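A.B. asks: If you want the building blocks of each chain, they are given just below.
There are 2 protein chains.
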Amino acid sequence: MPDSFESIAVLGLGLIGGSIVQALAHGGYRVTGYDPDPIEAAAARGTGYTVAASAAEAVAGADLVVLAMPLPALDGALAAIEKQLAPGTVVTDVGTLKEPVLRAVRSRLPGVRFVGGHPLAGTERSGFLAGHPLLFRDAPWALVLEPDTDLQAWLSLAVLLCDLGAKPVPTTAAEQDAAVARMIGLPHVLAEALALTGLHGGQLGLSLAAGSYTSGSRVARTRPELVATWCDGNPALVGALDDAIATLTACRDTLAEGGSVRTLAEAGYRARMQWEDREFGPVDLPADPERLRQHGRDGGWITAVVEKDGPGLGELRLLGMRPVR
Amino acid sequence: MPDSFESIAVLGLGLIGGSIVQALAHGGYRVTGYDPDPIEAAAARGTGYTVAASAAEAVAGADLVVLAMPLPALDGALAAIEKQLAPGTVVTDVGTLKEPVLRAVRSRLPGVRFVGGHPLAGTERSGFLAGHPLLFRDAPWALVLEPDTDLQAWLSLAVLLCDLGAKPVPTTAAEQDAAVARMIGLPHVLAEALALTGLHGGQLGLSLAAGSYTSGSRVARTRPELVATWCDGNPALVGALDDAIATLTACRDTLAEGGSVRTLAEAGYRARMQWEDREFGPVDLPADPERLRQHGRDGGWITAVVEKDGPGLGELRLLGMRPVR
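One line per chain: the protein sequences are A and B, in this order.
So for the first sequence, numbering that gives the first Met the number 0 puts the first residue at 0; every next one is plus one.
So for the second sequence, numbering that gives the first Met the number 0 puts the first residue at 0; every next one is plus one.
Derived by calculation from the structure, the hints in this document are not laboratory data.
Given the structure is predicted, the values throughout are model-derived calculations rather than measurements.
C-beta atoms are modelled at their ideal positions from N, C-alpha and C, and glycine is treated no differently.
Any given hint could turn out to be false.
[Claimed, not checked] Just a sample of chain B residues kept apart from chain A, beta carbon distances all over 10 angstroms, derived: (1) Ala42; (2) Arg44; (3) Ala52; (4) Ala78; (5) Arg105; (6) Arg136; (7) Arg277; (8) Gly298.
[Stated by the list, open to error] Just the calculated beta-carbon pair ranges, DEER-fashion: (9) Ile38(A) x Val323(B): 34 to 42 angstroms; (10) Pro71(A) x Ala173(B): 43 to 51 angstroms; (11) Ile38(A) x Ala129(B): 46 to 54 angstroms; (12) Gly27(B) x Gly164(A): 51 to 59 angstroms; (13) Arg124(B) x His131(A): 28 to 36 angstroms; (14) Arg136(A) x Met272(B): 29 to 37 angstroms; (15) Asp297(A) x Ala245(B): 33 to 41 angstroms; (16) Ile38(A) x Arg222(B): 47 to 55 angstroms; (17) Met0(A) x Glu265(B): 31 to 39 angstroms; (18) Thr262(B) x Ile38(A): 23 to 31 angstroms; (19) Leu225(A) x Arg44(B): 49 to 57 angstroms; (20) Asp137(B) x Leu225(A): 45 to 53 angstroms.
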């Protein structure tokens with residue numbers, strides 16, 4: 000079986016980092032948090048969690064370090080801990096985009112056993128006190144398996160995530176960022192454009208706004224600096240926008256010629272229902288990186304890592320779920 | 000005071016028509032429904048409402064006729080009732096777009112006292128049994144006041160809508176259709192495009208979909224033929240799409256050049272919050288069509304029609320609410 004972690008450090012105690020601390024503590028793991036913001040640190044300490052006085056103190060002796068600070072603070076955090084990491088320490092993160100983090104870690108901590116991660120969970124609130132130990136229950140969690148990723152570290156993290164009730168999705172940094180461009184970046188950009196275009200229609204329109212405007216512009220309430228960290232520097236978002244703009248332009252031209260939106264509405268309806276109506280079935284997988292990446296590409300995730308009869312890493316069996324229709 | 004209605008016919012007993020029947024009956028009005036679909040007719044009759052055997056029978060003796068059938072069925076319904084309407088009968092409708100209905104009624108029933116209406120209410124469900132007598136409580140209800148609209152009929156309808164708890168918004172057909180292009184048509188087209196563009200990203204993306212995709216594509220679940228009736232034939236939707244596409248293209252180009260979505264995200268955030276944070280205050284209005292239309296243009300609605308000291312229509316006082324910030 001892959002090693003389990005004995006001592007975990009979580010740097011950043013906002014909604015995601017705070018929820019990880021709470022989930023790990025409730026799962027019986029030894030976990031130490033740290034946040035440079037004294038308010039978040041006090042919130043965690045005041046509710047009974049262990050909080051270190053510095054990032055270096057938090058990671059001392061840890062065999063897993065979770066980077067849960069905002070992306071702009073990442074480089075400073077890497078600099079603060081690079082001398083403190085024990086050999087063999089596994090490092091992971093929780094950022095939306097995986098390629099920028101991978102580049103930063105490879106440049107700053109070239110020898111570290113790094114496995115990028117991205118939990119698809121959150122609420123509209125922020126801060127430690129908005130966190131919850133069950134925030135990741137049933138949440139997809141992209142777990143990056145590059146050709147040079149340490150498979151043992153990846154498997155250990157997958158086991159940990161399964162233990163938190165999350166659904167680890169094996170993928171590469173580039174593939175996850177391309178998927179996120181369409182499923183997170185694009186919906187945010189469309190919501191911003193809708194909020195703005197609606198406002199251009201004046202007060203009458205604002206008074207006639209119905210459920211479609213309300214839900215379509217909902218995520219325009221997100222703090223703009225967060226939206227920027229989820230969108231900027233992701234080349235796949237340019238392609239996703241090109242795709243959406245082409246669809247919208249075709250619809251606009253059809254309407255201008257007296258045609259109907261019906262073709263688009265039928266395609267959109269089928270697409271939404273295809274997503275809603277997906278069904279999943281169990282699958283067995285070997286601990287083989289390319290097979291695991293293909294499993295993620297096919298929409299699957301890991302539910303457990305179990306031992307086969309024989310000993311050794313090659314004899315692990317991964318249980319997963321994948322779409323069956 | 001404007002005349003109140005003694006006998007109301009509602010043609011079409013789906014979600015909206017059915018809810019109007021229920022709301023009127025619970026408000027003490029005498030109301031007769033009709034639906035060519037025997038299932039909807041039976042649902043209404045079976046729950047204790049009066050249902051006529053034909054449209055002609057339903058409108059016989061009515062002083063208000065509510066057209067609540069789908070737009071494609073409108074022309075047939077107008078043909079069925081045109082010989083049955085008593086002189087002076089007021090006719091209204093509940094369609095999303097007001098210009099096509101206005102054209103159809105002017106051509107088919109040129110002498111009728113027609114006042115177009117559009118309640119901004121609904122659920123994802125359909126049919127009489129999905130209706131509710133309180134569906135229109137606090138719902139905006141566009142009420143068309145053209146230069147040739149009979150003011151007495153408009154005021155009578157406004158009083159009726161206030162009695163149902165709705166918020167009548169005075170507007171013209173063209174202005175309401177322009178507002179609806181941005182607040183209903185555009186959000187639906189964007190949701191369809193998002194659902195479709197998301198699907199193009201493959202199964203990995205569908206498995207990583209988060210709240211922004213879920214809410215952004217929610218209304219792509221709407222039946223495509225309904226989306227078409229809300230969008231097709233509304234020239235203002237072409238302009239709204241041009242506006243949105245220009246915003247998206249500028250964002251796409253910024254990203255392609257290595258820039259940030261932050262400017263758009265800040266503008267979208269401000270727009271959404273400006274809508275959410277609107278506050279309203281009371282206002283008094285005379286029964287003057289241009290003043291009323293301006294009130295709607297300013298984002299206001301009517302809450303009551305009361306009598307001033309003197310008698311006669313000129314001495315009415317309308318109470319309303321309007322945005323104060």
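A.B. asks: Taking the CB of Asp297(A) and the CB of Ala245(B), does the distance hold inside 33 to 41 angstroms?
C.D. replies: 38 angstroms, holds
A.B. asks: For Arg44(B), which was marked as not at the interface, is the minimum beta-carbon distance to chain A over 10 angstroms?
C.D. replies: 30 angstroms, holds
A.B. asks: State, for the Cβ atoms of Arg136(A) and Met272(B), whether the hinted interval 29 to 37 angstroms holds or is violated.
C.D. replies: 31 angstroms, holds
A.B. asks: Between the beta carbons of Leu225(A) and Arg44(B), is the distance compatible with 49 to 57 angstroms?
C.D. replies: Taking Cβ atoms as reference, Leu225(A) and Arg44(B) lie about 54 angstroms apart, which means the hint holds.
A.B. asks: Check the following: the C-beta atoms of Ile38(A) and Ala129(B) are separated by a distance inside 46 to 54 angstroms.
C.D. replies: Once the Cβ atoms are compared, 47 angstroms apart, the range 46 to 54 angstroms for Ala129(B) and Ile38(A) holds.
A.B. asks: Does Arg277(B) clear chain A by more than 10 angstroms, comparing its Cβ with all Cβ atoms of that chain?
C.D. replies: 7 angstroms, violated
A.B. asks: Over 10 angstroms to the closest beta carbon of chain A is the bar; see if Arg136(B) clears it.
C.D. replies: Arg136(B) clear of chain A: closest Cβ-Cβ about 15 angstroms, beyond 10 angstroms.
A.B. asks: Is the gap between the beta carbons of Asp137(B) and Leu225(A) within 45 to 53 angstroms?
C.D. replies: 32 angstroms, violated
A.B. asks: Between Thr262(B) and Ile38(A), does the beta-carbon spacing fit 23 to 31 angstroms?
C.D. replies: At 29 angstroms between Cβs, range holds.
A.B. asks: Has the hinted range 51 to 59 angstroms been met by the Cβ atoms of Gly27(B) and Gly164(A)?
C.D. replies: 54 angstroms, holds
A.B. asks: For Ala52(B), is the shortest beta carbon distance to chain A beyond 10 angstroms?
C.D. replies: Given a closest Cβ separation of 33 angstroms, the condition holds.
A.B. asks: Kindly confirm whether 34 to 42 angstroms is satisfied by the beta carbon distance between Ile38(A) and Val323(B).
C.D. replies: 35 angstroms, holds
Violated hints, listed in ascending order, are 7, 8, 17, 20; each of the other numbered hints is respected by the structure.
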